[in-house]
Every structure is written in structure tokens, then in C-alpha cells.
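Chains as they are written, first to last, in the numbering used here: chain A, 1 to 162; chain B, 1 to 268; chain C, 1 to 828.
These aren't lab readings, by the way, just hints derived from the structure by calculation.
Just so you know, nobody snuck in bad clues.
Some, not all, of what chain A presents toward chain B, calculated at C-beta under 7 Å:
no. : residue
1   : T2
2   : R6
3   : R26
4   : T55
5   : Q136
No residue lacks a Cβ here, since even glycine has one placed at the ideal position from N, Cα and C.
Each chain is listed here by its residues.
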Amino acid sequence: MTEPVRGTRISVDVNGEIHERDVEARRLLVHFLRDDLDLTGTHVGCDTGNCGACTVIVDGVAVKSCMMLAVQADGASVETVEGLAGNGELHPLQQAFSSFHALQCGYCTPGMLMSAKHLLDNNPEPTEGEIRRAIQGNICRCTGYVNIVEAIAATARGEVSG
Amino acid sequence: MLLAPVEYARPSSVAEAVRLLGAHDGARALAGGQTLTNVMKARAAAPDVLVDLNGLAELRAISRTSDGGLELGAMATLTEVTRSSEVAETRPIIAQVASQIADLQVRNRGTVGGNICSNDPTNHLPPLMSALGATMTILGADGERAVPAVDFFLGVYTTAVAPGELLTKITLPATHDRRDGFASVTIGKDGTCIVNAAASVHDGQAAIALGCVAAVPVLLASASDEDAVRSAVRGAKLDPPSDVHASAEYRLHLAEVVAVRAVAEAST
Amino acid sequence: MTETAVTPAQPVTVDEQELAPGFIGQNVARKEDRRLVEGQGVFVDDVKRHGMAYVHFVRSPYAHAAIAGIDVSRALELDGVYGTLIGEEVAAETEPFFQIAPPPAGDLKDYALAVGRVRHVGEPVVAVAAATRELARDAAELVEVDYEPLEVVLDPETAADSGRPQLHDEVPNNTIWQGNFDYGDYDAALAEADKVVRIKRLHFHRFSSTPLETSGAVVEYNRGTGQWTIHSNNQFPGFAIIMMAPALKVGMDKLRLVSQDIGGGFGNKICTHVQLVAMCLLARKLNRAVNWTEWRTDQHTANSHGNERVFLDVEVPVKADGTLLGFKSRMIDDCGAYTRYEPLGCIIWAQVTPGCYRWRHVRVDFTQVCTNKSPCGPNRGYSRMQHLWFTERIIDIVAQELELDPVEIRKRNYIRADEMPYETPNGCVYDSGDYARCLDEALKLIDHDSIEARRRDAESRGKLLGVGIGSTLDSGTNNFGQSTLVNPELQFSGNNEVATVKLDIFGEIVVTLGTTPQGQSHETTAAQVVADILQVSPDDVNVRAGHDSYWNSHAGFSGTYASQFAVTGLGAVKGATDMLADQIRKIGAAILGAESTDEVELAGGFVRRKDNHEAALPFMACGAIVNANNAVLPLELRDVTLNCRYVYVPPHQMPDKERKYGNLTLTYATQIHACVVEVDPETGVYEIVDYGAVDDCGIRINPQIVEGQVQGATAQAIGAATHETFLYDEDGNLLTPNFYDYHVPHALDMPALKTAYVESASPFTPLGAKGMGEGGGAGLSAVASALQDALRASGRPIVSDSSNPYNRVWELLRDPEQSRRLVDVEDR
Ligand SMILES: Cc1cc2nc3c(=O)[nH]c(=O)nc-3n(C[C@H](O)[C@H](O)[C@H](O)COP(=O)(O)OP(=O)(O)OC[C@H]3O[C@@H](n4cnc5c(N)ncnc54)[C@H](O)[C@@H]3O)c2cc1C
Ligand code: FES
Ligand code: FES
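Using the sequences provided together with the hints, build the complete structure.
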């Protein structure tokens, strides 16, 4: 795409599966996931990049998918909440979120889980401060974060299994 | 939340990027997109062509210059800056400040170049780069030019980077025992700045840059003792804006406080 | 950053209740969680239909303007645009929404889109439907609306003044409602007082809980039956249908409201009937499913805000020993541009007229005005929070001015446990509670004994430390009869909620609820109640996710709002399950040859003879017999359906309209919070360094869930107390229309929360539980209280606003005298 295009065909690996679609250049990654691929686990909670409900992991890096164009994900591999559990087994973080009542309405949860996964992938033994810092970009309006922080800490300590 | 129609190109070299930016009126460089995408969602800006710089590895490098200074590629992300050993060794303040910006996801994509090119008056890096005496390298169809920070920031959201041009790197001089500091008052912990100040101190002399009090960072020179700093800020005849987070009066007061704190941090 | 211990893994148990063996009272894992952690929840914007159109609203850029003309032709020309809807069509096809207010305000016209005039920035003017989200927005930009700007009314305190422009032709002086409340003998109390404390003005600011999921809908129209299916996240479908059906001029059964998962509501999703009607009209006009996604900026500018309120000329007669006798105030409430749930806010506060205190003499002159701002509506702690903050501010200001200890003055004046049930001056009956004990527990959580030492330590670091208390009540299970106190003609009273519980052919226990949970874990707690009665495990109980008004579990007041599920929702579940259990016993007795149902019992999924456990019939057999093999049943058991519906109706009575007197809610949960702040005197920046929250909501069905609600309510209150505020400029533009400027607490902002509980069972409810979840906004009071304490050493400023961003704290520090002019103490 060295010359400007209004839209193009892209190929994106999402949770290990390759998806090819024609997209407009202006389509946001989050709408590509939700509307084009029907992966509605990734949510939208704001229009300014503050809330983190749309957090996914692109090529190993946690990003807010509402501030990235779908065309920018061409050739990338994207992890979303739908890919966390494997073979019917919950990821330990998913289990911990449930055990510690780290979700109420569950709307922030997919983004929160992806931020938490990114944290533990890169820092398996975070302090409480590091956990809070890692989820600073994820707003939760329900829980006050207390149980979310605890769930992530417990997962790091290996106290929950998926 | 929904962008207006736009064209997209992903050049594979810096030269091609400059060519694309020059070839299309209304073309804009797309760096981390952490500001630009949001502005486009609000349709406050509707560029015709986005020139995505994310494929340009050459703009991402962070390295030390031969004379002991530091070079930051415009496309180095804020996260990369916080982790860079070169930054830690030469100007650790940059990593410290970068780590306070926004949140992890934003830092993972947001770039140093984007932060200073957007020149939002509440941004962290414009005052920091000003106080540290950074030089910006701008590349256009007619070649490269180096612009010192004082001449780089021109107004709210405007800089010396003209249409068709690209910021390629930011160069910081060698420290020579210089010590740097930064202080801010933010909305919540590590939130948007209400007022911030960066300082670089050498030999009892401080270069201070104040953010959020004018369209561009306000650069002051002063002796590094508290009284001198206070009178330098007072002497600057600041006329800060009033907004929903802070009155002009409050900002004026805070400017003095954070200037003193930034210099104090640099002096210890 | 708080690295220290957060909430103890086990809450500090104050009342070790002997728990009946069973699932009630246990931390049963949530049934909702699995789908939500896997991203398999179904929120409204996840619903898709073939050929669905996306709708974008053209919204008003003016706070007040006449609409001189609308031209949609350019929008319609765009490829992929399906159609538009404008105000004139709405006015032709619908009736204005029913109004709760009595005339003249009750005559105002509120439609699904602006008709002829816009009254706040962000008001929907035109709806545009197109093939994609992006296209709908492109087309919306091509709609031309000709506005003629009008003078704006923004200040509630002058909105009713003569000469101000009128928002609604029908509403003189922009006054929606005015009423006087006079309880006890205020004049006598004033005469008896040794001191009278006067406060000129207190202000409770505008904010809202801003649920992370914005509002939305997917609406389908069936031309053959004339029926709409409305997938939405409306949280009070009972109210929505009552509002929508008359507007659309159809019977209620033409509206099917459906929801599954809702991403937070907090009251803010009650009044979406307005947009839902616009969607219904579009779906019918286009004969196509339509999707509406509200964006964050829309939610902030045009969803419901919490009511702003000012308390003027406050007067508090006090005895020399610190006994408070009563209060008097002129209150002005600002409900924004339209009255959707309003003016109910004018009476809801009266549920907690005296707050937690024993004062008996109250005189309130209450006025509600409309202004050119976003409409207000219920917001977590609706209308009571404002009032409770006011009572707490009185206590702390009186304590400071009369040099009384804030703890002692509270204990002296709190209603006492031995006075429960306590009838308040306006006839509400506080069911149970022990405020003084809760306060002691809260003070323990923050180690109150060490406060003076910590104050000195903070001083040595150049900081000002302060401790504050917030004592609030969460009144739940509304008596809708209170609406008749604002409009005697209304035909609403009491309350109800419904549930059905059935046993199916294969022995599956299926529960349907009338509620619309948004994170309150109803599937789980309902299963706990059912499990205990049927003697099975909650895993055996299938609670249908979400709400569907076409299920037979929809009653007039169905929904999730106003802290009541534990009473009304679970009361209905208990009622229906008791019926089912009885029916299962009947079948069992008949099949097992018992003389009566007393000889059989339920255990482990069987009904069995008490005298011979081997003689047992599995539930599956009961289900199969009744549903598919019923000729084997004796004739007298043919009315057993194993499908039981129960409507719980609380024991409410009609209040006295003349005296505005009567019990307005059934239960009153207690929240006593204690907060420690450290203020940087140079900047006004402050940090909450310690926080303790004690909650007493009677019997806790699931402690972990209760605790989650406490934590969440506290976070919202702290957010509101510090940075969250809806502020407008002089033209009526909202200055905080997104999360960038409307700063809600994130994980670094939140202090470590410590929690404890007391359990004072409600004598009035089926399970001894009380509604909870809204909380009373105790955090708002506690933060204001702590700030005033911290600043005391710097000239004793008065914290008179519920919103205390750093700028305001700095102003108090810089010029304490200005705030002190608000108070005056008369010595008798
Ligand atoms: C929720 C949130 C909170 C934030 N909080 C803060 C904060 O507290 N402090 C702070 O400093 N920042 C904050 N930011 C902004 C963030 O730091 C952005 O990443 C940064 O300002 C822009 O960088 P970017 O790489 O994303 O640039 P982009 O958004 O891609 O671009 C920004 C502008 O710069 C131009 N541009 C970018 N790179 C170049 C280049 N090399 N040459 C020429 N022009 C270029 C673009 O054309 C565009 O006009 C926040 C952002 C978000 C979303
Ligand atoms: S939707 Fe992406 S940050 Fe809010
Ligand atoms: S659980 Fe509702 S927003 Fe986090």
C-alpha cells in the first residue's frame, strides 16, 4: 500500500485464525473485530481512547483497538478475549476474575483481562502497584478495582488454575 | 467515533513517506494514532490521506550520539523510551516522564514524535524537550533542517513541521553534569496535566520550561535557588488559560510551585 | 500508590450470625461470569439482524434555539442511506410522553425528537439510518438544520426569576414543581434552641455514574402483527413500556422489550424510552431492523444526569449540649431541559428526610426548575444522596462552628438501635439498623485512635491530614404512592416484582425474573434462594439470563433500580419457589402413597417420604408426570402445573397527600464511611490515604456480591467528590463531554478500601434482607467532611460544595474567609 487507497483487502490472524476481508481505510480495528468478524467480546466504552474496553493484544502488545485502523492490522496477529480460554478451559485470569468477583456488569472485563494478560506475560510477579499501573488505562465503573487487583495478584501467585 | 472517509498509504521508506506527504494536499502523517485517530473520530480533523509511518523502522531507533548526546527516532514509542538503556544512561528524566503519560496501551503505540508534533498544551514532552534543549530534525522535499525546541513549538497543535514535512528525530545534547527534573499537577494520579514544568540545571543555572500555561512551552532561565525561580516565573508575566479543570489564577499559582519543584528535583 | 493491604480477604465480621445451612449467606460463585469472562455476553450492541440499518442522530449544537427548518435531501441522496426521521413526523405519529408533574408543568410536550425547538446541547433533532455506522454519520453531516438561537437559562437559582426566558411555553417561570414540607413544630424548635447555626448556601453538583456501556437499541418491527421487538439496555422496562405505548398509540403488548447483558446502568438507563420511540418509528417507516449506538459524548451530553441541587438559607436550631432539633431550608433542584422521570426527585429525598438523625422538626421549601442542560434522571442514590449529603454537611459544619467533636455529635444525634423500627417525622419507618455501632466499626477500620499522631506525622511532611465521616441510608423498595405527593392525580402506588419458577419434563428447574440486572448478579442470588427451598445446588438451577417482557415474568414495576432486588425480586423468587415446592410435595405424596404433604420432604433432587428415604421420586419424574404423563395423576392434582408465578407485593399503604406523610420505602440499609485525606497546602492537591466503609443491609444473601456493590458505590462516590462534574459554559456547552475531561477514577486513583459489615435483619422483608447497591453516596459526604477537617488549621474554611477538585480546595486554602461568610452562629 505504498499508494493511497480508500479501502483494501486485509488478512489478519485473530486468535490463531486467519481472516481476510475487504475494509475501508477508515474502519477502526474495534469495529472490524465486532462488526466484520462478529467477535463482539471486545467492547467500546468511549470515543476518546480513555476507557480500555477495546483493549486487545496486537503482535504481543496491548493496544486500544479503537485507536488503530483495521488496515494497520494487516498481517498482524491479534489476541482478543475470545481466544483466552483454550479447549474449554478458562485461562487462570478468567477463573480468578470469577473467583474474586472482579466483574459485575462484565463490560470492562474483556479489555481488563487482555491488559492483565499482557502484564503477566511480561511481568509474572508484579507488585500491587505494578498491577494498578498496568490497568490504569482500563476504566471499570462497577467494582472500584479492589477485586480486580486482587484477582490479578492471585493469578500471579499461582493461586488459581484455569 | 466514526471517521470520515480517508485514504491510507503505508510507505516503506522515509523518502517515500516524504514524497506521499508532499504529493497530496491534506495528507497527514499517522504515527501512533493516539491523538490523530481521536481527532478524526470527533471529525475535528479530516485529512484526505493518512501516511502511516509505522512501517519505517529507521524512524524508531534510539541511540547515543558520538558526542555523548541522545537521539530519539520520531517513531520510538513512549514504552520503548521508558525501557531504553540509552535513555536511562543519558537522560533518565525522559523515561521517567514518558512513563507518566496516559496509560500503558497509549504508551505502547504513542510516539515521541507524535507527542511533540501534536503539541497539545497539556502534553508532557513539549516542555521537557524545551527545557532539555532538544533539536528536532525535519525532513521535507527540499531536504533536512534542524530546528531547536524554542523555534519548534509555534502554537496550539502547530509546530515548525510544515505540510509535506516529517519530523525524523529528536537530538538531545550531552549532559555534561546537567541534572534534569520534572513536576506536574495532574487530574488524578498520572492524569492529564493541569500545569507541568521541566527543568535542567547546570552550575546553579536552570533552564525551565512550563507547560499548560500558554500555547507553547514557556522557556525561562534562572538561577536555581528557590527565590530566583519564583521571581523568574513571576517575571514571565504568564497569562494562562482558564478551563474546566483550573482557573487562570490557579494555573498561575501552580506554575510557580511546579517550577520550584522541578528545579529542586533537578538539583538533588 | 497504595501498596499496603487492601480489603481483608475476609470482611471484618461484626455480627457472627448463625447461618442456616444452605446457600443463602454464602459466597456462591456467580452464574453470570463464565459467559462474561469469555467475551460471550450479549450486550445490546452485539445484537445483529439481517439488513440492519445503523442510526446516527443529528444533535443540537445549541442549548436553546428555534428550529426554523430541516433539510434532509442531501443526506437521502447518499448511497446506502435508508431514510431519516424528523421532529415533524414524530409529532404527527406520536403523542407527547406522559408527564408525571401536575399542570402546568405536566402540560409540557416532550417528544422522541426535538419538535420546533431545541432545549439543550446534544438533543436529538434528526435520526438518519444507513447501511453502515460510518455512512449513517456521513449522512448526518449532510443534514441541514436552520437554528435561530434563543437566550439560555442555565443557573437554577435564577431560572424562576421573572424576565427569564421560558424553556417550555407551558411552564411559567421554568418552575416544574414547588411544594412545602413541614414536619414537627419547627417554630417551637427554633424558640427552644440555645444556638442557631445558619448556612447561606450549600451546593450539590451535577454528575452521573456514566456506565461504561452507553445506551443503545436494536429494534425490529413486524408489519404483520404491528409489534415491535426492542433489544435494548433499558433498565426499567416496566416504566419504559408505560411511557412508550401511549406515545406510540398502541397497546402495551405491541412492545416487546428484551435485554440480556447490560453494561452498568446505575439509573442512567431508565429514561431511554425517548430514543427507543424514535427507533420504533424508524423501524416501522423503513421496515427494517435498526441499530442505535449511543456514543460516549452523546451519553455525557444528552443522557440523564444526576440532579443538581442548592440548599439555601439553611437554619439549624441546636441545644447547648449538641442536640440538634431540626433544620429549615429552601431547596432548588435543577432537572435540566425535560422532565422524564422528574419531578419524582422532588419527593424521593423525603424517604430519608432526617437522614440518620433524631431531629424532629423540619421545614423545607422545595422547588424544581428546568434549565437548558441535559435532562436529569435517576442516578445511583437518586435524590436521597443529595439530601443525605446536605444532612452530613450540616452535622460537620455545626460541629466545627460549635467546637463539638464530629464523632460525638453524630452519636448524640443518631437514631438509636433500640428505637428501631423508627418512625421519622414524615412517617417513614426505618426498619432496623445500628448507626453508632457502624460508626465505631468504620473508625476502627481507619484506626481512628491514631489519627492525631498521623496528623502530626503528616504535618512534619508538610501535609494537612483530615478525617471525615459520611453517614447515609440506602432506602429501597419504593412505595410508588409517593408520586401522588407530587401529583395527587397520579394512579401509582405500592410496588411489585414477579418471578416464575418451573420444573420441566427432564427435571430442569427454570427461573425467569422480571428484573434487568446490570451487574447485580441476580442469576446467582436467585439460584441460591431456589436451591435452599428445593434442596438442590445452585448449579441445578437455570436462571434465564436477562429480561423479556414477553416472558410471563413482567409486572408493572419490573426492572432493576432503586435498591430492591433482595426484597422484591428475591421475594418473588421465594414466593414462586415455595409454590413449586408445595406442588412437588403434592405430586410426591400422591405417587409415594403418603397421607399428606407433611409426610414428604425435598432432598437432593428428590421428593421422598420422611419415614422412608428409599421411597423417593426424582424431580425429573415429577416433571415428566405433570408435563407428559399426567393421566396417571389423581383428578384432584390436575391443577398442579409445576410452573409457578408469584408476584411479590410489599406491604405499602397510601401516603397522606395533604400532609405529605407516610412510609415511602420498605427498607433502609446503612452506610457509615470514614475517610482520611492528606492535602498538599501549596497546591490543594489531595489524596485519600485511608478509607473504611461499613455497610448494614440486613441479611446478606451473598456477602461477596454485597461487598462488590459497596466497593463500586464507594468508588463512584469518591470519583464524584473529586473530579467528576458536568460543567457548562455560559452558552450551555458541556465542558466535560468525554472521559478525557470527565475524569473517573482509575486503578491508580482509588485508595485501598477497607470494608466491614453489620447485619441488622429487616423485620419487614421475606428474607430479612434489605435492598442495597445504590449506597447513599456516603463517600461524597466523607470526602467533604475529611477535607473540612484537614483545612481546619488553615482558617477553618467551610466545604460547601459536593464537588471538590484541587482548584476548589486551593481556593478554600487561599481565602478561607470567603467560605466562612456562608455561616453564622446565633447565640441565644
Ligand atoms: C487517553 C489518552 C490520554 C493521553 N494523555 C496524555 C498525557 O497525559 N500527556 C501527554 O503528553 N500525552 C497524552 N496523550 C497523547 C499521547 O501521548 C499521544 O500518543 C501523543 O500525543 C501523540 O502521539 P502519536 O504517536 O499517537 O501521534 P499521532 O496521533 O499519530 O499524531 C499526532 C499528530 O502529530 C503528527 N505527527 C506524528 N508524528 C509525526 C512525524 N514524525 N512527523 C510529522 N508529523 C507527525 C500527526 O500527523 C498528527 O497530526 C494521551 C492520549 C490518550 C489517548
Ligand atoms: S473504546 Fe477504546 S479506549 Fe474506550
Ligand atoms: S464490571 Fe462493569 S464496568 Fe467493570
